[in-house]
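K.L.:
Could you put the whole structure together from the sequences, leaning on the hints where they help?
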Amino acid sequence: MNINFWQITPVVLFLIFIAPVIIVLSSLFGEYSDNWTHLYNYVLTGYILNSLWLVIGVSICVLVIGVGTAWLVTNYNFTGKNIFEWALILPFAVPPYILAYTFTGLFDTFGTANNLIRDIFFLGDDFTFFPKVRNIYGAIIVFSFTLYPYVYLVSRMAFINQSRSILESGRTLGFNQFQVFYKLAVPMIRPAIVAGLMLVIMETLSDFGAVDHFAIATFTTGIFRTWYGMYDLETAMQLASLLLIFVTIFIFIERRSRRKAAFSIAGSVYKPLKLSQLTGYKNLLAFIACLLPIFIGFILPVLELSYWALNYKLDFFNQKFISTALNTLYLSIAAAFLCTLLALIINFSIRYKTNNFLKFLSSFLTVGYAVPGLILAIGVMRLLTFLDRNFTIEIFNLVLTGSLVGLMMAYIIKSYALSSTTFDAGYERISPRIDDVARSLKTSGWNLLSKVHVPLLKTSFLTSMLLVVAEVIKELPATLILRPFNFDTLAVSTYIYAAEERMYDAAAPSISIVLVGLIPIIILTRLIRTSRPANRDN
Amino acid sequence: MENFLQIKDLKHSYNSNSEVLKGIDMEVAKGEIISILGPSGCGKTTLLRIIAGLEKQSEGTVSIDNQMVADHLHYIPTEKRNVGLVVQERALFPHLTNIKNVKFGIQGSDKDKASTALDFLKLFKVEKYADNFPHEISSGEQQRVALARAMAPNPKILLMDEPFGALDKELKLELRKETKKILKDNGITSIIVSHDIDDASAMSDRVLIVKNGIIVQNGSPKEVVSINSNISLKNS
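Here the protein sequences line up with chains A and B, keeping their order.
Straight run, no breaks: the first sequence in the numbering used here ends on number 538.
Straight run, no breaks: the second sequence in the numbering used here ends on number 236.
For the record, the hints were derived by calculation from the structure and aren't laboratory data.
From a predicted model like this one, the values you see are computed outputs, not experimental measurements.
Be a bit skeptical, because a hint or two may be false.
[To be verified] A few chain A residues that face chain B, going by a derived Cβ cut-off under 8 Å, partial list only:
{"hint": "1", "residue": "I322"}
{"hint": "2", "residue": "L361"}
{"hint": "3", "residue": "I434"}
{"hint": "4", "residue": "D436"}
{"hint": "5", "residue": "L441"}
{"hint": "6", "residue": "K442"}
{"hint": "7", "residue": "T443"}
{"hint": "8", "residue": "S444"}
{"hint": "9", "residue": "P455"}
{"hint": "10", "residue": "L456"}
Glycine residues also receive a C-beta, built at the ideal position from the N, C-alpha and C atoms.
P.N.:
Take a look at the structure:
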């Protein structure tokens, strides 16, 4: 095996996986059609304003929920605190589009919640207690209660690492507990909060399922309509490029904040936090503050979906559901395996060749998680069409467009960051001296990878597989666009049923997605438990 | 005596500003044990890594057993140099039993590998832990397994980086004595990198002192000890 394999492979893979994004961006330099002029004159301002309102509303809510609950569970003892610590991450398992479907099912005029109120108080059908949710406010609530765990997680990790001495010095300077919180504790972890917030904003801007269901005109719904409504892929790509530019700005801020956050946590003078015991009404308020986001973001949708699945559609476990679930399973396992393998090869190459250029390429590829699925889908579709027209049909008599190749590509680009960071962490635990000794024992390249690294990275391999499976199962827009004809997955089934207002039929696939979404949460909870709080002296 | 390892005008820098090695010339005879002593950051580990092939030198040449392994045209990678390496943290493969660790670098049939590995474990008195995993034995026993693993493939030269650094005093004395006997009995050319003058004088035929990237002394342990008896090599 040529030694250069480890240098060339990552570069080739990088070029393949960056191509869809380059293709989308290149549309900015192409011709602008009449559709673009129409969008520019009449619709684009609306897209921008709606996206802006969404981002502002969601940001405020996730900051309050995420930072507030993280502060409570890190600094106080109150009823249920030990459960809330991990349960506050549960809404991660519910993709925004599923909460959106549940919300409409619950709060529409004849939804479960309004029916319940009418039944309890013997009111007529014309009485509606809950306000309509299919609007921008409903969308803000949906995004806030499914995405706040991003802010909660980073804030909690940062609060855990805050030294008690710094906060105590605030008290000696005359600050009360609330002032210590907002004048000392929060400013100190600001970079971490900003990093979490940027992820929320990127997810909000990337979403398609929820905003489409609530009929809110944003960039993603606009791109989809331009492509499928106006059949104008070029203009859709130009619109996608604009969104990509916005997202890139947030990626940049997120990366910068994350670097700063690494330096802003407690250093050598770390002294663990001492928890204050809350009693009486303060205990009750803390309990409610932590229960509410879990209730809205997880318990409510799970209860509603289970109710629909069990009471209205007892035959949900039918042939169609099984074939859709199997499609999803095969697809996600295949994508997870490929993505994990790719991340392993690239991370091994970086370590083996100690190459900074490869390190840069890998970190560039990890940005893929932030590229909206819809944009990836457009780029991949365009790339495959180009390849089909020029090479594959003529040379191999093979059509890539509409095959699983495109779908795999989009999934891998989207999930690479999950796999790569998992291996990165795994490699940190293997001493470089192990490699030195192995090489002195005549073991290099593939042998070093297969005989030494792979056995030592088994847990990372499995973790990466599970994380990618959970990510792929949730992915909606890319699957919707790139799936082969008549090939349904759980996310696509959920979307189609919800679009046809068949909420009860959407319940079984939705709940399956939520259940699989619990996998990364279990992994995350384990990781958090093994971090610094185990050392605290409470 | 014939020079088995020859290093000429070796220079190395990790970046343009700092030169770690500033022109090293040294020879080691076949079967000779030498120690390279020096304070932290003096370049002794870099020198060992260049001899092992784990680092490419900026300038100069390295030849082992009359074969040029590194000059401005040639670079033979570690895995093809036939060198043995023992490091302070032992770096045993945690997923393999002790005997499998020792078998790892041996060539030949499975039966031959197993018998050779067991012989080396016996040599270092750890054969009873053959089927244990590294984490199940003490640090001293781990270092014995690491030494057995490095010697089992019959390397041309054995390179040891602070091999007794992490051991307590009693264990260190015992292992030092046994290791020297094994190396001498088997005629293994060895280079030990250390900052401990006692390790160096007890183990070696010759001691080199490196400071600021150059060799400042080269002599028998007795000579070097007498000159440096009042100098701490840990940090200068």
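K.L.:
Among the hints numbered above, which are violated by the structure, and what are their numbers in rising order?
P.N.:
1, 2
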